[in-house]
Amino acid sequence: MSADSEASDAPADTAGDDEDARTTVATVCLGGCSGCHMEFLNVDHGLVDLLEDVEFVASHMIVDEKEVPEADIGIAEGVVTNEENVEVAQELRENCDTVVAWGDCAALRGIMSLRNDQDPEDMLEAAFDGKADEHSEVPTGEGDAVPRLLQDARPLDEFIDVDVFVPGCPPDADVMEASLAALARGETPEISGEALQYD
Amino acid sequence: MSETEVIDPVTRVEGHGKITIELDDDGGVEDAKFHVTEFRGFEEFVEGRPVWEMPEITARICGICPVSHQLAAAKAADQIAGVELPEGAVRLRELLHMGQVLQSHALSFFYLSSPDLVLGHDADPAKRNIEGVLEEHPDLAERGIELRSFGQDVIAALGEKKVHPDFAVMGGVTNTLDRSDGESLRTRSEPLTGYIRETIDELAEIFADMDEQLLDYATYATGYMGLVDDGSLEHYDGDVRLTDEDGSILEEIDDAAYDEIIAERSTDWSYLKFPYYKEAGFEAGQYRVGPLARLNAADSVDTPEAGEEYERFMAAADGPVHERSTYYHWARLIEMLYCVERIQELLDGTAVYDGIPNVAAKPENSRGVGVIEAPRGTLIHEYEVDDGGAVTNANFIVATTHNNGAMNRGVKSAAESFIQGPEIPEDTLNTMESVIRCYDPCLSCSTHAIGEMPLEVTLERDGDVLDHVER
Numbered sequence: 001m002s003a004d005s006e007a008s009d010a011p012a013d014t015a016g017d018d019e020d021a022r023t024t025v026a027t028v029c030l031g032g033c034s035g036c037h038m039e040f041l042n043v044d045h046g047l048v049d050l051l052e053d054v055e056f057v058a059s060h061m062i063v064d065e066k067e068v069p070e071a072d073i074g075i076a077e078g079v080v081t082n083e084e085n086v087e088v089a090q091e092l093r094e095n096c097d098t099v100v101a102w103g104d105c106a107a108l109r110g111i112m113s114l115r116n117d118q119d120p121e122d123m124l125e126a127a128f129d130g131k132a133d134e135h136s137e138v139p140t141g142e143g144d145a146v147p148r149l150l151q152d153a154r155p156l157d158e159f160i161d162v163d164v165f166v167p168g169c170p171p172d173a174d175v176m177e178a179s180l181a182a183l184a185r186g187e188t189p190e191i192s193g194e195a196l197q198y199d
Numbered sequence: 001m002s003e004t005e006v007i008d009p010v011t012r013v014e015g016h017g018k019i020t021i022e023l024d025d026d027g028g029v030e031d032a033k034f035h036v037t038e039f040r041g042f043e044e045f046v047e048g049r050p051v052w053e054m055p056e057i058t059a060r061i062c063g064i065c066p067v068s069h070q071l072a073a074a075k076a077a078d079q080i081a082g083v084e085l086p087e088g089a090v091r092l093r094e095l096l097h098m099g100q101v102l103q104s105h106a107l108s109f110f111y112l113s114s115p116d117l118v119l120g121h122d123a124d125p126a127k128r129n130i131e132g133v134l135e136e137h138p139d140l141a142e143r144g145i146e147l148r149s150f151g152q153d154v155i156a157a158l159g160e161k162k163v164h165p166d167f168a169v170m171g172g173v174t175n176t177l178d179r180s181d182g183e184s185l186r187t188r189s190e191p192l193t194g195y196i197r198e199t200i201d202e203l204a205e206i207f208a209d210m211d212e213q214l215l216d217y218a219t220y221a222t223g224y225m226g227l228v229d230d231g232s233l234e235h236y237d238g239d240v241r242l243t244d245e246d247g248s249i250l251e252e253i254d255d256a257a258y259d260e261i262i263a264e265r266s267t268d269w270s271y272l273k274f275p276y277y278k279e280a281g282f283e284a285g286q287y288r289v290g291p292l293a294r295l296n297a298a299d300s301v302d303t304p305e306a307g308e309e310y311e312r313f314m315a316a317a318d319g320p321v322h323e324r325s326t327y328y329h330w331a332r333l334i335e336m337l338y339c340v341e342r343i344q345e346l347l348d349g350t351a352v353y354d355g356i357p358n359v360a361a362k363p364e365n366s367r368g369v370g371v372i373e374a375p376r377g378t379l380i381h382e383y384e385v386d387d388g389g390a391v392t393n394a395n396f397i398v399a400t401t402h403n404n405g406a407m408n409r410g411v412k413s414a415a416e417s418f419i420q421g422p423e424i425p426e427d428t429l430n431t432m433e434s435v436i437r438c439y440d441p442c443l444s445c446s447t448h449a450i451g452e453m454p455l456e457v458t459l460e461r462d463g464d465v466l467d468h469v470e471r
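If you read the protein sequences in the order shown, they are chains A and B. With UniProt numbering applied, the first sequence corresponds to residues 1 to 199, in that order. With UniProt numbering applied, the second sequence corresponds to residues 1 to 471, in that order.
Simulated from the structure, these hints should not be mistaken for lab results. Heads up, the beta-carbon is just placed ideally off N, CA and C, and yes, glycines get one too. Where hints are given, some of them may not hold.
Facing chain B, according to a computed beta carbon distance under 8 angstroms, are these residues of chain A, among others [claimed, not checked]:
# : residue
1 : 95
2 : 131
3 : 135
4 : 137
Extracted from the complex, chain A is given alone in its bound form:
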């Protein structure tokens, strides 16, 4: 059967659920390593308690949802490094009340910005033409097979307004959990002292 109806129903299921009083959270991964998402899962058994107050409406580790749905809190890991990341960042801003930059890449631009002193085309040429056999081609992002790289990898707040910054590579799971809990209570998380990491 065709699943057209499912496609149009799916966002309504997640966005318009009045009976569930939990704070809704959507997380996305831009140009990053998923390490922030991994560290967040280190709340381990605490996930069970957290799910009482917070509903993850999108998060690639734990939920089967492909859209950036409407949510109270939108969290982004990773630097903005290609055209697709820009699109996802903008959707996150449009659909979420509060936007959080999670980790050094989103908050500060992070390790991938080491590429910024090179021209993307030269880099692709070297990686795909220079390090593969003689029948090889270079994926340049022409057409729509793969998204095109931006000139530089840049932090989230150069593309959209960001409300909360949680630095760290990755931020400690306890810091992430406490920040999320504070936001769910409608407070601005205070990250200072040992919780404020730059690594």
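Given chain A, work out where chain B should sit, using these hints.
Using the frame of chain A, we list chain B on its own:
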């Protein structure tokens, strides 16, 4: 002109991988491609930097298996320094690695794949996740959380952090294990082998009841690659073995000679390259890596309980090896058992507490290659350096890359099994995803979508949309 279906999350949240399927005029599948849509550039931007920075920098390639990249880089850097590591350093690195493989396999099986296996491929997508498993099968989910947590705590006991620990360095590791930490981990490890064996039994029942088409939609012959130590399963250090489709040895080589047997090809439609066995050529030279491939390539598994489960596993094969992609899950559980037993053996020894953690190291040689079995398969780091130790060339082949040919073949095979004509069956999306999910592609090493790749399928003819499915 033929029709094209696109499983395409490009404008969506996890758009780092997509699938396109071309149909011929009769509605049959002509071709199918799995595209990886992100490029991060580590191979290029490390050039010019000192080689001793590589373990710390390249760990950031991946938040799921940072330890694997750190160890591969450290092993390559050891070669550049020309040093032999003391026993303590080797065992501490292996301990770190076993924690890594365990936690990563637990994530893959319990968090990402068990929803399909225990709730069903066609379960409500809103429930088909770890929260759904917690509700329906709380014992299974709690076991998975504990196994992952334990693996992460082994890593943290050595490197302080669980994700991106800085522990392995050129010439060894930074410190030994605190004895009280070791003892408490040892005590906590006791029930874990039981958890895993119960899960293996449950999985065997699930497979026994599974529809044959679902079980076999990605079954095919390829070569297999894995590290071995005297023929036994090995993850940290050994010879690179490549077998043919029957498990017969084609090559067994030292790390540094990898480029004599493997070549890579890139295409303009994916950021992920296609490695192949040089001697057989691009088409015939495809091989698989990862848990299934490692068990197919090895002759034995040398810990007691994993050894038993390995024998049971191999006895269940239809031929000399297992060709079913779905059995990656079974192999992954056997490896988790191996990891727990190796962790116990290492904690019961003295080297991790009293051994010498590192030796002085400075650049002496111009090339180093580090090969390790990352959770998803063979990981290769190669560096060339100048006289001062600055990197002049770097090449990485990550596990997911070796499986690129096999994943593409699996996608095509699944498309041929499940897609006929312009109507897209409702459960096709998740079935297509689950082909990819068998390989547990570490899409962070190339993308990030891990296993729960969100998908959109569009079926087009000459630019007109005929059908559209998403979830």
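Comparing the hints with the structure gives:
no.	hint	verdict
1	95	violated (10 angstroms)
2	131	holds (6 angstroms)
3	135	holds (6 angstroms)
4	137	holds (4 angstroms)
The structure does not agree with numbered hint 1 stated previously, though it agrees with all others.
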